[in-house]
Every structure is written in structure tokens, then in C-alpha cells.
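On the provided structure of chain H, position chain S as indicated by the hints.
There are 2 protein chains.
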Amino acid sequence: MSLLNYSELFRPKIEDYLHQVIDQSNPPGYKELKSMLFYHMGWEGEGSGSRAQGKRIRPIILLLCTEICGGNWEAALPIAAAVELIHNFSLIHDDIEDQSLTRHGRPTVWSRWGIAQAINTGDLMFTLAFQTAALASGSMEDKLILESEKILFHTTEKLTRGQFLDLHFEQSEQTSLDDYWLMIEGKTAALISACAELGALIAGADHQQQKYFRDFGRSLGLAFQVVDDWLGIWGNPEQTGKSNDSDLMSYKKTLPVLHSLARNGEFAKRWNKRSITSENLSELEQMLIKDGSQNFTQDNAEKLTIEAMNFLKSACPVENDACLALEELARTLTQRRR
Amino acid sequence: MSLLNYSELFRPKIEDYLHQVIDQSNPPGYKELKSMLFYHMGWEGEGSGSRAQGKRIRPIILLLCTEICGGNWEAALPIAAAVELIHNFSLIHDDIEDQSLTRHGRPTVWSRWGIAQAINTGDLMFTLAFQTAALASGSMEDKLILESEKILFHTTEKLTRGQFLDLHFEQSEQTSLDDYWLMIEGKTAALISACAELGALIAGADHQQQKYFRDFGRSLGLAFQVVDDWLGIWGNPEQTGKSNDSDLMSYKKTLPVLHSLARNGEFAKRWNKRSITSENLSELEQMLIKDGSQNFTQDNAEKLTIEAMNFLKSACPVENDACLALEELARTLTQRRR
Numbered sequence: 438m439s440l441l442n443y444s445e446l447f448r449p450k451i452e453d454y455l456h457q458v459i460d461q462s463n464p465p466g467y468k469e470l471k472s473m474l475f476y477h478m479g480w481e482g483e484g485s486g487s488r489a490q491g492k493r494i495r496p497i498i499l500l501l502c503t504e505i506c507g508g509n510w511e512a513a514l515p516i517a518a519a520v521e522l523i524h525n526f527s528l529i530h531d532d533i534e535d536q537s538l539t540r541h542g543r544p545t546v547w548s549r550w551g552i553a554q555a556i557n558t559g560d561l562m563f564t565l566a567f568q569t570a571a572l573a574s575g576s577m578e579d580k581l582i583l584e585s586e587k588i589l590f591h592t593t594e595k596l597t598r599g600q601f602l603d604l605h606f607e608q609s610e611q612t613s614l615d616d617y618w619l620m621i622e623g624k625t626a627a628l629i630s631a632c633a634e635l636g637a638l639i640a641g642a643d644h645q646q647q648k649y650f651r652d653f654g655r656s657l658g659l660a661f662q663v664v665d666d667w668l669g670i671w672g673n674p675e676q677t678g679k680s681n682d683s684d685l686m687s688y689k690k691t692l693p694v695l696h697s698l699a700r701n702g703e704f705a706k707r708w709n710k711r712s713i714t715s716e717n718l719s720e721l722e723q724m725l726i727k728d729g730s731q732n733f734t735q736d737n738a739e740k741l742t743i744e745a746m747n748f749l750k751s752a753c754p755v756e757n758d759a760c761l762a763l764e765e766l767a768r769t770l771t772q773r774r775r
Numbered sequence: 438m439s440l441l442n443y444s445e446l447f448r449p450k451i452e453d454y455l456h457q458v459i460d461q462s463n464p465p466g467y468k469e470l471k472s473m474l475f476y477h478m479g480w481e482g483e484g485s486g487s488r489a490q491g492k493r494i495r496p497i498i499l500l501l502c503t504e505i506c507g508g509n510w511e512a513a514l515p516i517a518a519a520v521e522l523i524h525n526f527s528l529i530h531d532d533i534e535d536q537s538l539t540r541h542g543r544p545t546v547w548s549r550w551g552i553a554q555a556i557n558t559g560d561l562m563f564t565l566a567f568q569t570a571a572l573a574s575g576s577m578e579d580k581l582i583l584e585s586e587k588i589l590f591h592t593t594e595k596l597t598r599g600q601f602l603d604l605h606f607e608q609s610e611q612t613s614l615d616d617y618w619l620m621i622e623g624k625t626a627a628l629i630s631a632c633a634e635l636g637a638l639i640a641g642a643d644h645q646q647q648k649y650f651r652d653f654g655r656s657l658g659l660a661f662q663v664v665d666d667w668l669g670i671w672g673n674p675e676q677t678g679k680s681n682d683s684d685l686m687s688y689k690k691t692l693p694v695l696h697s698l699a700r701n702g703e704f705a706k707r708w709n710k711r712s713i714t715s716e717n718l719s720e721l722e723q724m725l726i727k728d729g730s731q732n733f734t735q736d737n738a739e740k741l742t743i744e745a746m747n748f749l750k751s752a753c754p755v756e757n758d759a760c761l762a763l764e765e766l767a768r769t770l771t772q773r774r775r
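For the record, the sequence lines run as chains H and S.
Numbering-wise (our numbering), the first sequence opens with residue 438 and increments by one.
Numbering-wise (our numbering), the second sequence opens with residue 438 and increments by one.
Extracted from the complex, chain H is given alone in its bound form (with noise of 0.2 Å):
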């Protein structure tokens, strides 16, 4: 079976969980709520559909690892799901965090319905996880599942600390690469992390080989941010599917921005007088090249990259189908810009 297999089997089981999960107990009085939900989950609205429903990258992860260690993926979908709504709550508040207007090509929950709705809808989403993550109980015992939830809660921790640091750093005079790598570490390396090492865990892997799994979701995370990062900058709108304005314009402080503000030549200077519009993007995309600070985060988006790989084979102690649809999933994350 190759990844495309894997991804035809287990996308409309977590569709199907996770809508059974969101639709349960929604009276008619709560029609508006079961709305937001289901618009963000892009089962609703327009521009709904497969591309305004994201690619549950999470969620597969997971289930590819029970796979590989031959655990039974089904009995892991509760887990898989609370996984993917941990995610999307997490995008809920962030984009009013980030005061992001579109998400995949669709207005955000708040730009539709206004702050105080979106706070509310996240807070629910992020209810909703940790039941779905409790209706393990029909196929998980009570000691894994309390498992499962302490991993799951340290997440959302990490997640929480990984935004605050985001959010502080944007107000922060400076902030070095040792706190860029705290940041994601936090905001994206965490939950990809804790989907392959849940997935081991529920499979029933020994704690050597979770570690492995652990340390494969959290260089892959890392390695996805960095490339995310380059794309902000130098991806094609059209192929990412990402917003048409350059990271460059909403002043992130991605990786190549805070390499070459460590620089303190040309860019930083330009950089540091703000109002960059799009016309300045070129010439600021040229300085940052010159800066090394491109190759910089290719270098690091490479090295994550072949660190994960290698965590993937110790992970993996026999080559079986899984495993090569993993690796192909990984290679496609982190190779987007091609």
C-alpha cells in the first residue's frame, strides 16, 4: 500500500468521526454554533470542500504510526480526531491572535462572526477534543487513555507556551534564533510530535521506540516550520495555497528575518524603517540572499529534514508499507517548495 492508499482509507474515517464527533447533541437553538464549527471544518459555507478542509496531515500521522508498530488504526481514530480538533482550535484563536483575515482562501471564524463568537466556538473545539479523546474507552483501556490524555494536555501546553513566546516576540526589540527554535518548538513541532508518539503508544510500542517516534514528529516539526518560513517568502502563492502577501509584509519574525537581523547589514537597516510594501519585496528578498540567510534556512529545513528520516528508520526496525508511506508523507512536507 503507498501513501495515496493509506490516505484514501483513512481520510473518510476521521471525516467521518470528526463530524459525528461536532454534530452530536447540536438542538435547533444552536444552530449559529454548529455552523462556525462546521465552517471552519469547511464542511459548510462558501468555498467549502476538500481544499478549505486542510489535509488532516495530524491525524495521519498518528494512524501511520499504529500502523507501523501493528497496532490496529481503529481503535486509534478517538485519539487521531482529538488530535485534529486540538489543531483546529488552536487555528481558531490564533487567527484572531494574528488578526488573520483568510484561512485557506475562506474569511477566519472571527472576520465572519466577530471576536467574541470565535473565542467561544475555539473554546468549545477545544472541548469537544479531549471528549472525543474519552470515547477511546470503547476501544482503549482506562490506563492507556489516561496515557493518551496526559500527552495530549502536555501538548496544548507546549502550544499555548509556543503562542505566547510568538505573540511576545512580535513586541520584543529582539529576539535571537535560540528563542525562534523555543517558539516553534512549541507552536508546531509539539503536536506533530505527540501524533507519532501517540500512535506508537496506542500500538503498544515499548517506551524506546516511542522515543523514536517522539523525536521523528518533532524534527519533522521543526523541519516543516523552517520550510513553511521559506515559502512565506519565496513560495508561489498559487502552489503553497497560501496567502498572496509575503511574511515580509506583516513583519513576521521568521527564521531568514531573524538571521539576517543578527547580520545588522543591509536588510535590517530596511527592515528596522518598516512600511515594506509589495513593491520593496524583491529588493528585500535580495538582501536577505546576500545575507546567506535563504541558504540558511534551506540548510536548516535540510538538516531537520535527514534528522527526521534517520529517527524514522530507528523508529521503524522493519521496513513494512507504513513506514514507506511515512517517509513519502514526511519528504512531501518537507519539500513543498519544489
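Keep in mind the hints are simulated off the structure, nothing from the lab.
Where hints are given, some of them may not hold.
List of simulated lysine to any residue pairs, SDA-like, C-alpha gap at most 20 Å [stated by the list, open to error]:
id: 1; chain 1: H; residue 1: Lys471; chain 2: S; residue 2: Gly623
id: 2; chain 1: S; residue 1: Lys468; chain 2: H; residue 2: Glu610
id: 3; chain 1: H; residue 1: Lys580; chain 2: S; residue 2: Leu572
id: 4; chain 1: H; residue 1: Lys580; chain 2: S; residue 2: Ile588
id: 5; chain 1: S; residue 1: Lys595; chain 2: H; residue 2: Gln461
id: 6; chain 1: H; residue 1: Lys492; chain 2: H; residue 2: Gly482
id: 7; chain 1: S; residue 1: Lys587; chain 2: H; residue 2: Ala571
id: 8; chain 1: S; residue 1: Lys690; chain 2: S; residue 2: Leu721
id: 9; chain 1: H; residue 1: Lys580; chain 2: S; residue 2: Ala571
id: 10; chain 1: H; residue 1: Lys580; chain 2: S; residue 2: Ser576
id: 11; chain 1: S; residue 1: Lys587; chain 2: H; residue 2: Asn463
id: 12; chain 1: S; residue 1: Lys471; chain 2: H; residue 2: Ser609
id: 13; chain 1: S; residue 1: Lys468; chain 2: H; residue 2: Asp616
id: 14; chain 1: S; residue 1: Lys471; chain 2: H; residue 2: His605
id: 15; chain 1: S; residue 1: Lys595; chain 2: H; residue 2: Tyr467
id: 16; chain 1: H; residue 1: Lys471; chain 2: S; residue 2: Asp616
id: 17; chain 1: H; residue 1: Lys468; chain 2: S; residue 2: Glu607
id: 18; chain 1: H; residue 1: Lys595; chain 2: S; residue 2: Ala571
id: 19; chain 1: H; residue 1: Lys595; chain 2: S; residue 2: Gly466
id: 20; chain 1: H; residue 1: Lys468; chain 2: S; residue 2: Trp618
id: 21; chain 1: S; residue 1: Lys580; chain 2: H; residue 2: Ser576
id: 22; chain 1: H; residue 1: Lys468; chain 2: S; residue 2: Asp615
id: 23; chain 1: H; residue 1: Lys587; chain 2: S; residue 2: Gln457
Taking CB as the label site, the calculated pair distances span [stated by the list, open to error]:
id: 24; chain 1: H; residue 1: Gln457; chain 2: S; residue 2: Gln723; range: 52 to 58 Å
id: 25; chain 1: S; residue 1: Lys710; chain 2: H; residue 2: Arg488; range: 44 to 50 Å
id: 26; chain 1: S; residue 1: Ser613; chain 2: H; residue 2: Leu614; range: 54 to 60 Å
id: 27; chain 1: S; residue 1: His591; chain 2: H; residue 2: Lys450; range: 21 to 27 Å
Values in this document were obtained by computation on a predicted structure and should not be read as measured data.
Virtual Cβ for every residue (Gly too), placed ideally from N, Cα, C.
Structure of chain S alone, referenced to chain H:
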């Protein structure tokens, strides 16, 4: 032992436990994040101290119910702390959603640190609540922890559904009394009901007794909110510790207002014109009294209080100190107008 004795016994333990949970894993980089949490809990910053901390009523109810049912209240501390954290997470977010500038006489988290950081700090508080509940593994069996968590997850779902309705009704032209009861059932009664039920559950009470406690908490929560609505118009700000502004000036759809609006008389006409200032207050208050809305509110508060007391009698087959203390607490909460 009186209510005061129980309070003096429980309060420092609750405070210690909360402190310990919130203080854990706060490396130097997260100093500001810790400050926001500590500030909200009333432990840090201007105006910190017992008034800023609130009364911790919910964990006290929980621990009293454990005690009544012959359980070990110290074993219930993690769940009691979790309940208080859930309450506080919802306060941080509600304050943003309702644009409230002060709480317990101090600036709210969002008005001090901005909306973005406040949303995220609320999310962390939410996560810590569930982490705290999971800490019960030292004193409770796996099965019991999972059962308690299930109640907590469903309660936060009800909280967010109630808040959805509250925000939704603000915008809608027609809000009925049925809508009102559904809304406060989620917003206020659900968590107090959960406290009473959890206390009994942890002590090993049977299903029938758990149900009596749950129903007691529900009626108490409803009564509490109705009294709160009364105080929001006719209460003395100096005695209640609430803001000086009458709920009438923020156009809150409280019980007396909804009752009077349904009469469609003088009050409704004046209300619909808006622009209510402090000079119009006594006139509007008189219109409410004329419509019988003050009496209606008072009657409902009394009816619900009697209901709560009857459930409590059924819940406590043998009268003991803890029972009397809980009865006293319930009376204090529902007779705050005196």
C-alpha cells in the same frame, strides 16, 4: 465544625494546590505568561490579595460534598482545583467577549495585556485545569478519574454553549424567558452542579445520591444567577463588590428585564429607545417594579432556593456538620441581597 471552620480548613489547601499547578514549569522565558496567570488568580500585581482571589466557592462546594458523603476531601483536591481553573479560564475569555474592563475591582487580563495574550492565557488555564484533574492519579483510581473527567468535559461544553447563547441573545431582537433559562443553565448552573456531583462521585456515593447532589447544584446555580441579576439592578455596589454600573446601562438581558420586555409596557418602550444614562436609572427601576418584574425575579430566586434546599435534604440522609455548612453556604449565595 461550622462553614467558617471548613472554609478555613479548605481555602489554604485549595490555594496551595492551585499555586503549585500554575507555578510548575515556568522557565525564565515565560515570565510574563506566569504573571498573567498569577495576576488573574489574584496573587500578583496591584490589588492582589483575598478580594482579588474571589471566594473559591466552587471547590469549597465540591469538597463539602465529598465530606458529606464520607469521602476523603484531600483526595478530591485535584478535581476541586480543576473546577476552579475551569471557572477562571471562562472568566478570562468572558471578560474579553463581554468587553469587561474590571473584575474584582481590578483591570481584566485583556485590558492590561491585550486581547491576543488574554485569549492565549485563558487557553493555558484551560489546559492546566485538565492536567490538574489528571494529577488525581495519586489519590483516585483510573476509572474514577475518567468518570470525573467526563463530567468536566461535558460541563465545559455546557459552559461554552451557554456563553454562545448569551452572546447570541445580545444581538437578537427576541429573547424569551425559555431562552434565558437555557442560557443560565449552561453559563452558571452547569459548573456548580458539576461541583456537587463530582464531590459525591469521588466519595463513592451511589447514582441516586449523585443525582440529588447534581440537582441541588443545578438549582443552587440557577438561584445564584437570578440573585445576581437582581443585584445587578437593585444591589448596593459597595456591598456586592460589583461594578457601579447598573446592568441596565449595559443593556444586559437579565431576568427582570426579559420579564418586563415581555409585558411590552412603559419599560419596553423606554428600553428600546436605548441611550440609558445614570440619570434614567431610578425611573427605569420603578418601571420594572411596576411591571412586577422585581417581584417575579425575587419569587424565582426564592423558589429555586427552596428547590435547592429540598434536594440537599434528600442528598444528606443523615445530618452532619458538613451538611449544615453546605446549607449555610447555599443560603449565603442566594441571600446576598440582604
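Do the hints match the structure? See the list:
Taken as a hint, the Lys471(H) and Gly623(S) pair is honoured in the structure, with Cα atoms around 16 Å apart against an allowance of 20 Å. At most 20 Å may separate the alpha-carbon atoms for a hinted pair to count; Lys468(S) and Glu610(H) meet this at roughly 17 Å. Distance check on the hinted pair: Lys580(H) and Leu572(S) sit about 14 Å apart at the alpha-carbon level, within 20 Å; holds. A distance of roughly 18 Å separates the Cα atoms of Lys580(H) and Ile588(S); the hinted pair therefore holds under the 20 Å criterion.
A threshold of 20 Å between alpha carbons decides the hint, and for Lys595(S) with Gln461(H) the separation of about 13 Å falls inside it, so the pair holds. Among the hinted pairs, Lys492(H) with Gly482(H) is consistent with the structure: their alpha-carbon atoms are about 18 Å apart, no more than 20 Å. Between Lys587(S) and Ala571(H), the direct Cα distance comes to roughly 7 Å. Compliance with the 20 Å bound is thereby established for this hinted pair. For the proposed pair Lys690(S) and Leu721(S), the alpha carbon gap of about 14 Å is at most 20 Å, so the pair holds.
A threshold of 20 Å between alpha carbons decides the hint, and for Lys580(H) with Ala571(S) the separation of about 12 Å falls inside it, so the pair holds. Between Lys580(H) and Ser576(S) the CA atoms are separated by roughly 15 Å; this keeps the pair inside 20 Å, and the hint holds. A hinted pair counts as satisfied when its Cα atoms are at most 20 Å apart, and Lys587(S) with Asn463(H) qualifies at roughly 18 Å. The hinted pair formed by Lys471(S) and Ser609(H) meets the criterion: a straight-line CA distance of about 17 Å does not exceed 20 Å.
Among the hinted pairs, Lys468(S) with Asp616(H) is consistent with the structure: their alpha-carbon atoms are about 14 Å apart, no more than 20 Å. Between Lys471(S) and His605(H) the CA atoms are separated by roughly 13 Å; this keeps the pair inside 20 Å, and the hint holds. Taken as a hint, the Lys595(S) and Tyr467(H) pair is honoured in the structure, with Cα atoms around 11 Å apart against an allowance of 20 Å. Between Lys471(H) and Asp616(S) the CA atoms are separated by roughly 17 Å; this keeps the pair inside 20 Å, and the hint holds.
The suggested pairing of Lys468(H) with Glu607(S) holds, with an alpha-carbon distance near 16 Å, which does not exceed 20 Å. The suggested pairing of Lys595(H) with Ala571(S) holds, with an alpha-carbon distance near 17 Å, which does not exceed 20 Å. Of the supplied pair hints, the one linking Lys595(H) and Gly466(S) holds, its CA atoms being roughly 13 Å apart against a limit of 20 Å. For the proposed pair Lys468(H) and Trp618(S), the alpha carbon gap of about 18 Å is at most 20 Å, so the pair holds.
Note on Lys580(S) and Ser576(H): the hinted pairing holds, with a Cα-Cα distance of about 15 Å set against a maximum of 20 Å. A hinted pair counts as satisfied when its Cα atoms are at most 20 Å apart, and Lys468(H) with Asp615(S) qualifies at roughly 17 Å. The suggested pairing of Lys587(H) with Gln457(S) holds, with an alpha-carbon distance near 18 Å, which does not exceed 20 Å. A C-beta distance of roughly 53 Å is found between Gln457(H) and Gln723(S), which places it inside the suggested range of 52 to 58 Å.
Lys710(S) and Arg488(H) have their C-beta atoms about 48 Å apart, which keeps the hinted 44 to 50 Å range intact. For Ser613(S) and Leu614(H), the hinted distance range of 54 to 60 Å is satisfied, since their beta carbons lie about 58 Å from each other. Separation of His591(S) from Lys450(H) is about 25 Å and conforms to the stated range, judged on CB atoms against 21 to 27 Å.
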